[in-house]
Structures are given as structure tokens and as C-alpha cells.
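Generate the whole structure from the sequences, applying the supplied hints.
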Amino acid sequence: MFLRSLHLVLFTLLVTLSARAQNVDLFSEKTNATNSDFTTGTFKATRIINGQSIENVGAGVLDFRILHRFGPISDGGYNFFGLDQATMRIGLDYGLTDRLMIGIGRSTYQKQYDGFLKYKIIRQQQGQRNIPFSLSYASSFVYKSLHDAITTYTPYVSDKFSFSHQLLLASKVNDYFSLQLSPTLIHYNMVDTKTTPNDFYSLGVGFRQRVSKRVNITTEYYHRFNSLEGYKDPLSVGVDIETGGHVFQLHVSNSTGMTDRTFINETSGSWAKGDLRFGFNISRVFTVRKPKELRNIKW
Amino acid sequence: MISIRSIKKITAALVLVLVVCNMQIANAQTPSVQKVYATKTGQIFFNATGGAVAIAAVNNQVDSKFVDATGQIIFGVLVKGFKFENQLMEDHFNENYMESTQFPKADFKGYIKNIKEVNFTKDGTYPITIEGSLTIHGTAQKVSTNGTLQVAEGKPTITGEFSIKIKDYGIKGLYIGEKIANEAKIKVNCKYQN
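Heads up: the protein sequence lines correspond to chains R and V, in order. For the first sequence, this note's numbering gives the first residue as 1, with consecutive numbering after it. For the second sequence, this note's numbering gives the first residue as 1001, with consecutive numbering after it.
Hint data in this document are derived by calculation from the structure and do not stem from the laboratory. All the pointers check out, no bait thrown in.
For lysine-lysine, the following BS3-like pairs were computed, each having C-alpha atoms within a straight-line distance of at most 27 Å:
hint : chain 1 : residue 1 : chain 2 : residue 2
1    : V       : K1040     : R       : K290
2    : R       : K213      : V       : K1179
3    : R       : K292      : V       : K1105
4    : R       : K213      : V       : K1185
5    : R       : K290      : V       : K1191
6    : V       : K1109     : V       : K1172
7    : V       : K1165     : R       : K213
8    : V       : K1185     : R       : K292
9    : R       : K213      : V       : K1167
10   : R       : K213      : V       : K1172
11   : V       : K1179     : V       : K1105
12   : V       : K1105     : R       : K213
13   : R       : K290      : R       : K120
14   : R       : K120      : V       : K1105
15   : V       : K1185     : R       : K290
16   : V       : K1105     : V       : K1167
17   : V       : K1187     : R       : K292
18   : V       : K1187     : V       : K1122
19   : V       : K1035     : V       : K1113
20   : R       : K290      : V       : K1187
21   : R       : K290      : V       : K1105
22   : R       : K292      : V       : K1179
Because the structure is a prediction, the values reported are computed rather than measured.
As C-alpha cells, this is what we get:
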């Protein structure tokens, strides 16, 4: 009995001693990723071409955007293939948080004022959690300030508003390819005739295909499930070029308008007839509020 | 007379006491023999400003460990964890320069050469020399630098500063040598827990 106990004591002594003698080797350990790795750069700008992309501007970042659309190329040489005419929108976007951005703009087309907000609901990520897609909600209003033709009816201010609601579902498949689906509802407070509905449904599809590190080709198409008479589905093809703090987006499109409701629902040009227009978006970002991590660093 | 039963009881108690004592000794001695200090919230800053715009970023989730007996030290970061002044810079850093999808991590494995000069039981600031291999963008390079190890209330903090040549790590990009400096200055600040 006593001997057996002694054996036990010796054994435990041996175990603890050998444990102490063992060296810790940190090099053979794996360093763990401590946080989730959010996917970045699904699209290169906050708009695919005309419509909202899954991207937001970062928190505290102000994005100054100039959008330009020329006249139809089919106008021919007299109008210098559309370059004589131009409609434009200037806008300011701002990131309130990393998930929420807001923006305002003014278009020459119909003298529209517009505003929007976009919120990231789900972010594509790898690591602790694996989510292969991102989901955002975007909502906008447009106020048409162009004077209406004088009729017996004097419109209320509210009659000139229209709204859009979009869910953006996007996935960056790899560095070379991203895809987005955008189910959209557009609501007009007032329409021209009694038989015209106030709500319009559509589905947007967008792609990004990388050509080089700084050049990407984009395509955007919206299919309308019910539509205003005489208008076509918008289709745009473009190139995104990144240079430092700028992103240039050059494209060809059958749309003229640059606000959600205008380009989705009120595109008059036809690809079949060659009613296409050149256009470009220029974006320049400014840091208004530094991230708090960078505020207290002294160099 | 002592019965056999009571002898059994006494030996059992004795064994228990010995085992417990033994464990206590082992525990008490481990710190002085070999102890691992670790943190998951270390900081690494870098500055690679070449032009008017500040190209600087910070990562507050540095994973680091070191062993007091051997001086063995490791650092690991997720490249995407670097926070820049704005999102666009961050995207360009990850996509165009670091290629973070392909090389998600950067790490350092090395030794504090003069760890023996550090007295972990005494508060103070000790100069240290660190040597090892730094892997960024999938490319490893030898790095050696001087830093300090500060002990306060038994908790060590390591700080250091060094520069690397960006091109040594196979990082290519349009603006290196212009808006982005050829060399990046790196600052490390890690406060370890026991």
C-alpha cells in the first residue's frame, strides 16, 4: 500500500518536472485571425454606373461627385455625336458610419433635387463568420422642381416627389468578378393619368469584371416588370478607372437621367436604334473626420 | 494500537498533501523558468507618405506572444485590419498593393537577443534588440531593430521602430516612389498580459 502510494508521488513529480523542462515554441504555433475579414472592393465606386452599388463611402469621408451625360451619338456630326449637349448632376455623399451613408444632388434634368441613404445590413466576410454575400438597403427621393405646363390643376409640392426603395444583394466572387442584384420599387406621388399605376417594380443586374488592377469593366441592366408607356429598359456598359483619390467611370448608356427613378423608369433611348450616349462620373473623396484609431498618433 | 485502517488513511492523506505540494511548486516555479506573455490588441502603425497626402495606417489587433526565457517573439496581423484615413485608400492598399486576398496576413518571427538583461520582477525600461524574419506580401526578409521593453506592475510593454523598403517585399504599384515613399516607417507598441 505504502509502496504504491510512493509510486504515485514519484510519478506525479516526474510528470510535472518533464512538463517544466519542455520548451515553448512559438514559431510552431499558428497566429489566429482575431476578427472577421470583411470583403472590400466588390465594386469600385458607390454606383455601378447609374444605380447604387453595394459599396459605401467610409465613415467620415465626403465624396464629391460630378456626373455628366452627353446627347445621343445617333445625332451625328452636326451635334458632334452628342457631345454638344450635356445634362449633369452634382452631388455630395457622406459616410456617417461604416454602414450608413447619405447623399444629396442636383440634376439639370427636370431641375431635380434628390437625396438618398444607403445602409449595409449584411457584409460579405470570411474568418470567424463566413458570409458569401452582402445585403444593403437604399432609398431615395427625387423632387422635380421644373415648372409644369400650365393646366387647370395646380399641383401640390408633394405631387412633385417620387421615391425609390432598393435591396442590393451583391457578391464578390473573386478579385476579378462581382455580381449584384437590385430589386427595386419606385413610387410616384402623382402620375399623369388615372390608369397609370403609382408603383413600379424592377430588377437590376450589375457586373464588374477586372481587366487590370486599376481598370474594371462594368455592366448594368434593369428589367422593369411594369412600365410607363414609351420607355425602354436601361442598359449601360462602362469602364472604371482608379487613380489615387479619384475614380473615373466612363460609359455608354441609353439613359439620360441620373437619379434612380429617372434612369430606371424614364429611359427613352433604344439600343436597337443606336440612341446611345457617352457619359462619365468623376468622384473625388475627402477625409472630413479621421477614424478615431488615427487621431491620436504622433509621428 | 493503530489499526491498519488508520494507517491507510494517513498514507492517503500524505499522498494527497505531497501531490498538492508538488503541483504548487510546479506552478510557482513556472514563471521563473518559462513564461509566455501574450496580447491580441497590440498596435502597429506605418507611415509611407511620399507626397502631400498622408499614407499612414494603424492596426489595433496585433497578435503577439513572447517567451521570457528564450526571448522567442512572434507578431501576426491581418493586413485588412489596417485602418487608413479613408476607405478608398484602404481599398487601394488591399487590392492594388498588398493583394490581401492572396496574402491575408503579415507576420514576424524572431528573438529578443538580450532577453537575459530584462528583469521581469523589477519595474523599469530595458533596451532590447530584436532580430528575425518579417513576412509581408508572402515575402520574407531579415529584420533587426532596437526597441525598449518596459515593465510596469509586472506587465511588459514592447515598443520599437524600424523602416523597410517596400520593393523588397515584392510589392508593386503605380505610386511607389511618388505619393508613396520607397520606405515605410513602422512603429510597434504592444502591451502584454501575463
